[in-house]
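Spelled out, the chains give:
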Amino acid sequence: MRRVRDWWANPWGQPRFLAFVTWGYMAWSIVPVGIAILFSFNDGRSRSVWQGFSTRWYWGDPNLSVLHDPSMRGALEQSLKLAALDMVIAVPLGVGLALGLTRWVGYGARPVNFLMLFPLVTPEIVMAVSLLLIFVTLYKIPLGTTAQVLGQVTFSISYVVVVVRSRLLSIGRQYEEAARDLGASALGALRLVLMPLLTPAIFASLMVVFALSIDDFVVTDYLSSNESTQTVPIKIYSGVRGTTTPALNALATVMVLATLASVGLAFFVYRRVNSLQRAEAGSGSALREIAALEV
Amino acid sequence: MTRRWFWPSFALPGAAWLVLLFLVPTYAVLAVAFGTVDPIFNNPVPVWNPLHWQFATMRSVLDDLRPGHVFWVVFVRTFEYVGISLAGCLAIGYPVAYYLARHARRTKALLLVLLIIPFWVSYLMRMLAWIGLLLPDGLVNKTLMDVGVLSHPYGWLDGQASSVILALIYGYVPYLILPLYASLDRIAPQVLEAGRDLGASPISTFLHVTLPLSRHGILAASVLIALPMFGDYYTNDVISGSPRTSMIGNQINLFFQGGPQRTVGAGLVIVLSLLLAVLMSYYLWVTVRASRTETIL
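Going down the list, the sequences are from chains A and B. The first sequence finishes on residue 295 if you use this note's numbering, and the numbering steps up by one all the way, no holes. The second sequence finishes on residue 297 if you use this note's numbering, and the numbering steps up by one all the way, no holes.
Honestly, the hints are just simulated from the structure, not real lab data. Virtual Cβ for every residue (Gly too), placed ideally from N, Cα, C. Among these hints, one or two may not hold up.
[What the hints assert, rightly or not] These stretches of chain B come out as covered by chain A in the derived footprint (C-beta under 8 angstroms, 3 or more residues): (1) 11-19; (2) 22-32; (3) 60-70; (4) 272-280.
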């Protein structure tokens with residue numbers, strides 16, 4: 001007992017209390033998700049009492065499994081479709097906006113910069129309500145996939161700008177100026193010099209937009225029309241308090257796996273691209289690009 | 001020479017998007033809150049011209065906001081829940097961020113990966129995980145009964161304020177730790193060594209050097225999670241579902257999901273936005289200032 005106390009109180013060792021809190025937090029944050037994934041393999045209908053292992057909720061059950069329940073499969077497809085459209089639209093818009101805002105010195109730059117920051121701090125319900133109202137009253141855009149994509153792109157753009165702009169600031173202007181001095185046109189310098197340097201940031205922002213889109217509930221729910229435009233988070237929200245089967249856990253698990261797979265893929269591509277331009281100055285890690293999101 | 005319109009033309013599509021789908025919609029909330037209701041179809045008719053605005057709806061919203069009335073109660077409850085959750089998040093998040101930035105060595109990479117994982121698991125999936133644990137026959141009740149703390153299952157999901165607050169802490173703490181870690185990581189070790197060399201104890205180095213230097217980080221990270229918490233209604237819906245714990249987000253959602261009272265909902269959105277404007281401007285001020293110093297460097 002005495003030895004344990006001495007070990008714990010040793011002032012020259014690692015701060016054990018902090019280490020304890022940290023590891024405890026990590027366990028607390030991840031173990032419940034692990035248990036939920038475990039229960040997606042439950043043999044019975046319960047989401048809280050273990051009744052043996054099976055894959056019936058993934059594909060075994062002819063009516064209620066993720067594979068065979070049309071509403072679950074539909075939700076999965078809708079989630080992935082929205083994420084793909086969001087990435088395709090928001091990333092180019094955001095990259096353009098970041099380029100414009102960092103290089104453009106003029107009267108217009110400051111208000112646009114200010115406007116760009118607002119979606120980052122507006123509570124989602126405020127954004128969802130305003131989009132719903134404008135679509136219904138003025139723009140007459142029918143609720144459903146189109147409205148959902150418009151909404152998701154609106155809150156995604158700013159994140160892309162933040163990621164790409166921090167990269168642009170760390171690159172500086174000297175490479176571009178060197179290219180211009182050597183005779184490249186403005187567009188040529190952008191295409192041949194700046195874009196390759198920006199590739200890691202573009203990958204990071206693709207990852208971020210994918211995660212934002214997959215995770216979004218409020219805006220997507222407000223702008224959905226009916227069962228056919230429900231996404232996985234909407235499905236979880238509406239099913240979680242009812243008497244649902246572990247198929248809901250299975251659906252959520254498939255989504256987690258899809259996200260991890262795409263993150264892994266993006267990271268792999270990112271590493272490849274980064275190792276190709278090892279010589280380039282100031283290459284940051286993917287983590288830093290994402291951490292740049294927060295202030 | 002780069003042409004004058006070259007760079008602005010890149011910003012144009014994105015800027016136009018934000019004007020049409022962020023700025024104009026925000027105005028639509030005003031137009032609806034100060035608009036009228038169609039007497040036959042019972043749906044809101046926005047009034048776009050501020051000179052013709054109707055103030056009846058807003059007045060009734062403000063009436064219900066007086067101390068003791070419906071919306072007052074909900075607003076006070078929202079502030080309580082968000083305040084307690086924020087304190088809880090800081091109590092958990094600050095030590096973790098501090099340990100990661102200062103002490104973790106060989107395990108740092110692993111800890112950072114573990115820290116990022118919740119970002120790749122959807123928020124509602126994480127709530128789903130807790131609901132499974134908190135069900136009457138779930139692991140939490142079972143463990144507590146095995147240990148002997150409870151004699152029969154406790155209804156964690158039957159409208160308990162404590163469950164809602166714990167769920168909010170669980171949901172938002174990762175979003176606090178990451179920026180906090182970034183700000184603590186930026187503090188140069190030389191500054192801390194200077195404090196130690198000048199005779200300060202570890203605790204007073206922490207209190208007089210680390211804490212003041214991380215003050216902006218703490219405030220910015222707190223604002224970053226407080227803002228979405230104020231608008232959160234889904235956590236409450238899935239964990240409690242009872243009007244006894246409903247927050248302002250639930251109230252707004254109620255008016256928008258069910259029927260004719262969207263004008264009242266829009267009025268509440270305006271009140272909420274005005275209250276949050278202080279927090280938002282603080283965050284924007286910090287961000288703009290940070291980006292300006294970066295540009296100078």
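Checked hints:
| no. | hint | result |
| --- | --- | --- |
| 1 | 11-19 | holds (count 8) |
| 2 | 22-32 | holds (count 9) |
| 3 | 60-70 | violated (count 0) |
| 4 | 272-280 | holds (count 5) |
Figure legend: structure checked against the earlier numbered hints; the only hint not met is number 3.
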